[in-house]
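Trainee: Below, each chain spelled out in residue letters.
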Amino acid sequence: MKESVQRKIFNYLLGKGIENFIGVPDSTLKYFVDQGLKKKRVIIATKEEEAIGIAVGMSLSKSPSLVFMQNAGFANSLSTIASLVQLYRIPMIFLISWRGYLKNDAPEHIKIGKIQSELLKSLNLKSKILNEQNWTKECLWALNKFKDNECCALIIRRDFLD
Amino acid sequence: MIRKEAVEIISKTLKNQLVVAANGYISRDLFEVSDKPSNFYMIGSMGLASSIGLGLALKNPKKKIFVFDGDGNILMNLGSLVTIGSLKPKNLVHVIYDNGMHESTGGQPTNSNNVRIDLLGKIANYKVFCADSGKQLKLILKKIRNVTGPIMILIRIEKNSYVSKRINILPTSIKTRFMKAIRN
Chain X
1 MKESVQRKIF NYLLGKGIEN FIGVPDSTLK YFVDQGLKKK RVIIATKEEE AIGIAVGMSL
61 SKSPSLVFMQ NAGFANSLST IASLVQLYRI PMIFLISWRG YLKNDAPEHI KIGKIQSELL
121 KSLNLKSKIL NEQNWTKECL WALNKFKDNE CCALIIRRDF LD
Chain P
1 MIRKEAVEII SKTLKNQLVV AANGYISRDL FEVSDKPSNF YMIGSMGLAS SIGLGLALKN
61 PKKKIFVFDG DGNILMNLGS LVTIGSLKPK NLVHVIYDNG MHESTGGQPT NSNNVRIDLL
121 GKIANYKVFC ADSGKQLKLI LKKIRNVTGP IMILIRIEKN SYVSKRINIL PTSIKTRFMK
181 AIRN
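These protein sequences, in sequence, are chains X and P. First residue of the first sequence? That's 1 in our numbering, and the numbers climb one at a time after it. First residue of the second sequence? That's 1 in our numbering, and the numbers climb one at a time after it.
Rather than coming from a laboratory, the hints here were simulated on the basis of the structure. Any given hint could turn out to be false.
Stated by the list, open to error - Straight line, CA to CA, 20 Å or less: simulated EDC-like cross-link-like pairs of lysine to aspartate or glutamate: (1) P:K12 to P:E32; (2) P:K180 to X:E150; (3) X:K8 to X:E108; (4) X:K40 to X:E19; (5) P:K62 to X:E138; (6) P:K180 to X:E138.
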C-alpha cells in the first residue's frame, strides 16, 4: 500500500479517537508507523505480546489503543489475544500486515501467510482487508467494533517484493 | 517469609491504589488476602502483568500503580524492563515475589538463582530495593513514598505448601469493576 494512503490511515484513526499506537515495526506498515512516530503517538515494544499488554492497560484506562504488528507477530500473540484480550473482552484494534500473501514472498513468510486467514477465523477475531479504495469504510467498521467493546483486526497485504 | 505474608504486608499499606497481579498463585494470594475492585487479577497470559501496569501508569500519572509479579513471570517478559526503563513512569511500583521457582506448576526451578533480577532492574533505570524479611519490606514501603519511579521491590520468598483459593470472579467482571475503580 502506498505511502500517502498509509499516512492518511494513521491520521484518520487518530482523528477518530484512537490515542495510542503500540507495536513492533514492520516494513509493510512502515509509513503508517512513521506517521505515528512523527505525531509522537507510537510506543515501540520489544515484542507483540508486550505491546498487547501495554494496550490493555491503556484500554482499561479508557484510552483507545491500536496494536500494529507483522503476521509473524500475530502468530506469536495467539494465546495473549485469546486468554487476555478476548477473555476479558477488552476493546482493541489490531493492524496486521500480511506477509506471505504473494506466493513468491520470502520463504520464512510463506507458511504463516498461508494459514493467516484460518488463524483469524479459528480465534473468531473479525477482520477486514484494507486497500487503497476501501480503507475509510473498513476503518470505520473497526472503530464501530471498538465502540461495541470488541476487538477486531485490519489487515494490510504485502503486495510487493523487495 | 512466604509469599502470602509479603502480599499481605504490601496490601495493608494500599488503599485504592491499582494493583495488577500476575497469573497463578500471586493473584490467588492477593484475592484471598484483600479482594478489592482495584485489583486486576490475571488468570492467564503469563508474563504480561508488568506491561499492563506500564499502560496503566502512563495513562494515570496521578495514581500509583502496583504490579505484583513473580520471578518466572518477569523472566518471561524481560523486554518489559527495557520498555519501562525507557519510558520511566514515575508512578510504577514493580514488586517481584522471587521464590526461584515456578511454584504454581509444581516447583520447577527458574534461573533467578543464577542471574540477578535486581541488577537487571538497576541497568533498566529502576530504583531497586531488596527485601529478605517482613521487617525489611515494611521499611522499604515507608522509604519509597518519596521515591520517584520506576521502582522495583524484589522480595525473596520461601517455598511453602500453602495454596490460596481460586479466584471466583468472571474475567469480564474483574475488568468492569477495575475500570470503575480507576475512575474513583
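Trainee: Next step is simple, just say for each hint if it's right about the structure.
Mentor: Hint check results:
Taken as a hint, the K12 (chain P) and E32 (chain P) pair is honoured in the structure, with Cα atoms around 13 Å apart against an allowance of 20 Å. At most 20 Å may separate the alpha-carbon atoms for a hinted pair to count; K180 (chain P) and E150 (chain X) meet this at roughly 19 Å. With a C-alpha separation of about 30 Å, the suggested pairing of K8 (chain X) with E108 (chain X) is violated against the 20 Å cut-off. A C-alpha spacing of about 10 Å is found between K40 (chain X) and E19 (chain X), which places the hinted pair at or below 20 Å, so the restraint holds.
Between K62 (chain P) and E138 (chain X), the direct Cα distance comes to roughly 36 Å. Violation of the 20 Å bound is thereby established for this hinted pair. For the proposed pair K180 (chain P) and E138 (chain X), the alpha carbon gap of about 31 Å is over 20 Å, so the pair is violated.
Of the numbered hints listed earlier, those contradicted by the structure are 3, 5 and 6.
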